[in-house]
Structures are given as C-alpha cells and as structure tokens.
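Chemist: Residue numbers (our numbering), protein chains in the order written: chain G, 13 to 335; chain H, 13 to 335.
Among the clues, some could well be false.
Put simply, identical chains are the same to the list, so a pair is met inside one copy or across any two.
[As the list claims (entries may be wrong)] With a straight-line Cα cutoff of 20 Å, these simulated PhoX-like cross-link-like pairs (lysine-lysine) come out:
1. 255 - 167
2. 167 - 324
3. 268 - 307
4. 167 - 297
5. 320 - 258
6. 50 - 210
7. 255 - 239
8. 307 - 238
No lab work stands behind these hints: they were computed from the structure.
There are 2 protein chains.
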Amino acid sequence: MGLIDDMLNGSQRALSRLITLLENDEEVRQKIIRIIFKYTGNAHIIGFTGPPGVGKSTTVDAVVTELLKRGKRVGIVAVDPSSPFFQGAVLGDRIRMQSNEENENLFIRSLASRGKLGGLSKVTNDVVKLLDAFGMDVIIIETVGTGQSEYEIAKMAHTTVIVLSPGYGDGIQAIKAGILETGDIFIVNKADMDGASKAIADIIGTVEFNFSSNPWTPPVLSAIAKKHEGVQAIVNEFENHYKYLKETNLLENKNKVRIEQELTEHITSWVETNVLNYLGSSGEKQKIIDQIFNKEEDPIAIIDHHIKESMKEIISGNFIKQD
Amino acid sequence: MGLIDDMLNGSQRALSRLITLLENDEEVRQKIIRIIFKYTGNAHIIGFTGPPGVGKSTTVDAVVTELLKRGKRVGIVAVDPSSPFFQGAVLGDRIRMQSNEENENLFIRSLASRGKLGGLSKVTNDVVKLLDAFGMDVIIIETVGTGQSEYEIAKMAHTTVIVLSPGYGDGIQAIKAGILETGDIFIVNKADMDGASKAIADIIGTVEFNFSSNPWTPPVLSAIAKKHEGVQAIVNEFENHYKYLKETNLLENKNKVRIEQELTEHITSWVETNVLNYLGSSGEKQKIIDQIFNKEEDPIAIIDHHIKESMKEIISGNFIKQD
Numbered sequence: 013m014g015l016i017d018d019m020l021n022g023s024q025r026a027l028s029r030l031i032t033l034l035e036n037d038e039e040v041r042q043k044i045i046r047i048i049f050k051y052t053g054n055a056h057i058i059g060f061t062g063p064p065g066v067g068k069s070t071t072v073d074a075v076v077t078e079l080l081k082r083g084k085r086v087g088i089v090a091v092d093p094s095s096p097f098f099q100g101a102v103l104g105d106r107i108r109m110q111s112n113e114e115n116e117n118l119f120i121r122s123l124a125s126r127g128k129l130g131g132l133s134k135v136t137n138d139v140v141k142l143l144d145a146f147g148m149d150v151i152i153i154e155t156v157g158t159g160q161s162e163y164e165i166a167k168m169a170h171t172t173v174i175v176l177s178p179g180y181g182d183g184i185q186a187i188k189a190g191i192l193e194t195g196d197i198f199i200v201n202k203a204d205m206d207g208a209s210k211a212i213a214d215i216i217g218t219v220e221f222n223f224s225s226n227p228w229t230p231p232v233l234s235a236i237a238k239k240h241e242g243v244q245a246i247v248n249e250f251e252n253h254y255k256y257l258k259e260t261n262l263l264e265n266k267n268k269v270r271i272e273q274e275l276t277e278h279i280t281s282w283v284e285t286n287v288l289n290y291l292g293s294s295g296e297k298q299k300i301i302d303q304i305f306n307k308e309e310d311p312i313a314i315i316d317h318h319i320k321e322s323m324k325e326i327i328s329g330n331f332i333k334q335d
Numbered sequence: 013m014g015l016i017d018d019m020l021n022g023s024q025r026a027l028s029r030l031i032t033l034l035e036n037d038e039e040v041r042q043k044i045i046r047i048i049f050k051y052t053g054n055a056h057i058i059g060f061t062g063p064p065g066v067g068k069s070t071t072v073d074a075v076v077t078e079l080l081k082r083g084k085r086v087g088i089v090a091v092d093p094s095s096p097f098f099q100g101a102v103l104g105d106r107i108r109m110q111s112n113e114e115n116e117n118l119f120i121r122s123l124a125s126r127g128k129l130g131g132l133s134k135v136t137n138d139v140v141k142l143l144d145a146f147g148m149d150v151i152i153i154e155t156v157g158t159g160q161s162e163y164e165i166a167k168m169a170h171t172t173v174i175v176l177s178p179g180y181g182d183g184i185q186a187i188k189a190g191i192l193e194t195g196d197i198f199i200v201n202k203a204d205m206d207g208a209s210k211a212i213a214d215i216i217g218t219v220e221f222n223f224s225s226n227p228w229t230p231p232v233l234s235a236i237a238k239k240h241e242g243v244q245a246i247v248n249e250f251e252n253h254y255k256y257l258k259e260t261n262l263l264e265n266k267n268k269v270r271i272e273q274e275l276t277e278h279i280t281s282w283v284e285t286n287v288l289n290y291l292g293s294s295g296e297k298q299k300i301i302d303q304i305f306n307k308e309e310d311p312i313a314i315i316d317h318h319i320k321e322s323m324k325e326i327i328s329g330n331f332i333k334q335d
C-alpha cells in the first residue's frame, strides 16, 4: 500500500486517509496494522481526562503549544464516547485548533462512537498506533466526560492526566466516582477562581491519602491554561513521569497491558464480525429474536445452539475467508 | 432451584440472593435466566440519566414515593459505570434509601462495574429481568454520569428520562454531547434556582427543534424534587409514554431491540469466557502477549491463528463442556 509508505515518509494527508480507511473496513484495518506494527513503540502516550467544564480542551491546547515549543511532534486523538448521535464537543475542539493544523509537527483527529467496529477504544488504539508509527513523540488522548470509557482509555496511556477546576461544583464527587486512581498527574485549572486554594488543598489531601503507599505520588499542579500559566511545570512532569516509567520497567508492563487489551478486543470483534454477520446474512438472526420474543424456547439454549453452528461454518471456511 | 420459587412467591431475600448468584457465576446465571424468562415482559422499564449534580437521585426518590403511593411495585437498579474502583455515588444512594428497603413494594440494587462478567449492561439486563419476573410494575434504571453506557442503558429502557438542572453550568453542553436524542421525558430539576426559567426555555427550544418530526415530542417538565413539587406530572407522563408505546407497537419493537442486544452480548461473553479461558489456562495468552511485544510476528496473524485453534478445541468439546 503506497499510502503507508507516504505516511511513514511524513505525509499527514496519507495519515489522515489511513485513519479513515481503518475506521471503516476491518479487512483493510488488519492489513494496515500488520504493516505499521513494527514502527510503533516510540511515542509517549498521555491521556487527558476529567469532568466537562473544567477547561480541559484549553489545557490541552496550552500544553500542546509548550510541547511544540520544545521541538516535540504531537498527535492528538480527541475521543467523545458520549457522542453516538452528535459530533458535539469534540468537533468543537477540532475547529478550535484548526488554525494549527497546518503545522507539520501537529496532527489532530476526532473520534466519536458512531458506527465504529468493535468499539471506540479499539479505534483509539489503532489511531494511536498510526500516530506512533508516523513518528509522533507525544500522543495525547483527550476524552470528554467521566465514565467507564475513561477507565479503558487510562489503561491505554502511559501517563494519565486528570484536569479539575475549582469552579466545577462536583469536582470532588467526580473524583469519588472513580477516576482518581487512574491519575498520574493532577491539574487544577482556573487557579485564579474563587475557592481555588481550597480546591487545590482538598485535591492534594485526597491524592496524598490515596497514593500514600505508591512509589509515584501524583503531583497536583495549579494552572491558568487560558493565560498559559503553569504549563511548563505540567510538561516537565510529563517528562518526569515518563522517565519514572522507563526506570521502573513499568513502561514495558503498561505496553503489555495494552497488548492484552487489544487481544481481548480483537477476539471480541472477530466474533462479532464473523458470528453476527453469519447469523444476519443467513436470516437466522431475526428468527432467533422472534423465537425468544415469543418465548418459544429458552433464550440461552437457542443462542448457544446458533453460536456453535455458526462457528462450525466459519471455521470450516464455508462462510467467509479469514487470513 | 428452590430460590427461584421463593422469589416468584415474593421473597425479596431470595431475589437478592439470585442477583448475587447471577452476577458471579455464568453457569448459574444461565440456569436462572432459562427458568425466569417466561415470567418476564410485564414491567414498564424506565431509564433515568443526566449529568452529575442535577439532583437525579433526589428526583428518583420523589418519583418512587409517588409510584408507591399509586400502588405500584417498584424495582430500582442503580448503575455506576464510572466506578471500577470505588463504590462511590451509587452506594450513597443505597444508604440514602435504606429506610424504605423494608417496604415490600420496593427493591433497590446497586451495580458497579468491578468484576462483572460480560460488562455492566449485561448484568443490568439480567437484574431487570429478575425484577420483572418478581412482579415489579415499574423498574427504574438509574445511571451516574453521561457517556456510552447511558446510550446502552437507554436502549434497554422503554422510557428514558433525562434529568437536568439550571445550576448545572454545562447542562446544554451535556445535551449536545449526545444524550438528547435518547430522551422521552425531560425534567428540569431545581426549578426554584436562579436562571431556571431561561434553562427551561432553552431545553424546550432544543427539544422542539430536535424532535419536530417525531410523533412523540418529549415533554419538558420542571420540578423541585426535594420539595416533591412537579412529581405527579412526571409520573403521569410515564403513563402517557407507556400508553403511547403500546398503541404504536413501539413497545414490541423496543423489546425486540433488547433481545437483539442480549443476543450480541451473549455471543460476546460466550467467546470471552470460552476463548480467553482456554488461552489463559493453556498458558498461550502470555506467550501471545510476549510474541507481540517483541514484534516476532504480526499481531493479527498470531491472534487469528489462536482464535481458530481454540474455537476448534472448544467446539469439539475437548476443552470445556457447554450445555
């Protein structure tokens, strides 16, 4: 595929087309991953998460500007798991940063969950691999909202940054709701707001309490991203954390966890693609649904029977070719 | 299983134990579902969602009190997809409502995502089925946060209620972020706050714009749940919407969509359980991860090969018994 060569030679246009191809066709996706895989493994992957309204996008902007100043090549994957319908918040980000998009050291891609084969985390992982192969030094995964998807994305990143702000009334509630333990670096943005010092003290207290037995105590940094204040310290901490991961062998562990996650995802999507395609195209699926709906037979017996029958067909090669 | 008989005869203790059993053991889960399936299909399933901080729990409390007053039997499944680590927000709810838990017409169960086989939506679906078989008239699924999980849960409910509040600074942002189209009923809680009338007007405008071509235009209701104001109107709309679904045949469609979703989930979990177990217990999994990490071979070829080999073993019955 000439496109992959072009991408490896630095063409952002080729990179962009490859992402689109990979998102839309499983067979093409697999071909791309097979070729680019050996060029990956050099980027520092940083996840940005936190509740909406804390100025996360502004913080990412400021941080990216600083990274570019330091001569880094930066890729951004903006992920909006809450957007199966609209191209909401993240598209906004993209427009916002479009002025930078001509910069050859910066590449931005938005992902919403509409119509993604095998889920958003799989596509995110793929895009990260492409950006890695492209030669990005830092890849930022920016997510909207807090939830299960953030947890999955945290597992993908080497360094997870949690952005909070004093203005976000439920900041502490958001921490309680489960994202805290994924954080390697905490940022309290909008540090010029009323109540900022209390918020910072609260977060430092919570972090120190929760990470007391951890060899890496996450730094809690205050920032005013809009004015680019506190941004250098944040980027310094990226470097400190990456160094820490390398020195402690945790980087290798994290990369292996990513592979394990991909393994699971690939197995799941293999089955979803093959078994569901088979059942759908053979007309069995609608029959099964009607049988269960009419309570003709117990649902699990019906499904088990059909899984096995379709597996046999798929493995024997009667249904689709694979490999 | 005597427990199922006890449950069908009205024992909340048996119901509670069945949920625990079903959550922790796939084989037992399947047995339970097979038996209870024919007793399901009578409950009105209502999903409550919306951003944190809008008073969603208080609203659910008030609504449940009203439903109980009207003689309904109510089940609540409180789902916290953001909580892989903590037993945060939802556990709070549970404690909050414990005073009611002796009420034989009310049953509450919290679900967090820690260690759930096959994902949270599958367990939620199972608990809904149990509550349905138990004879609940109304089953409320309450979720924390906004995200992909909300979308999945919306697909499970017959009626989706979105709770917002004027105080939630990013209320409109949350709507934009994708939950809007899932809403059948909108509640603007805390209607006595500053800016309430503007917030309500905004939401009515957005809803009317987005649902203009829809035969069901979601009502936008204001409420002060803490003072039980506006709650009767909400419960009336539950009844209106359920009636509408029945009259238009949409109820049957929604139930079939649920079955289709379960079909997909069951297939996925069948594979995850069987293939991943097989690879794990044969020691192949760690070998695959190391091979991919060391870039010895391309990852997709390795995984495909192992999926097929393990499928063959599983189907031929060499590895585990199924059925």
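Chemist: Hint by hint, say whether it matches the structure.
Modeler: Verification of the supplied hints:
no., hint, result
1, 255 - 167, "within (18 Å within a copy, 44 Å between copies)"
2, 167 - 324, "neither (34 Å within a copy, 31 Å between copies)"
3, 268 - 307, "between (44 Å within a copy, 12 Å between copies)"
4, 167 - 297, "between (34 Å within a copy, 18 Å between copies)"
5, 320 - 258, "neither (45 Å within a copy, 36 Å between copies)"
6, 50 - 210, "neither (48 Å within a copy, 56 Å between copies)"
7, 255 - 239, "neither (28 Å within a copy, 55 Å between copies)"
8, 307 - 238, "neither (59 Å within a copy, 42 Å between copies)"
In terms of the numbered hints stated before, the structure departs from hints 2, 5, 6, 7 and 8, listed from lowest to highest.
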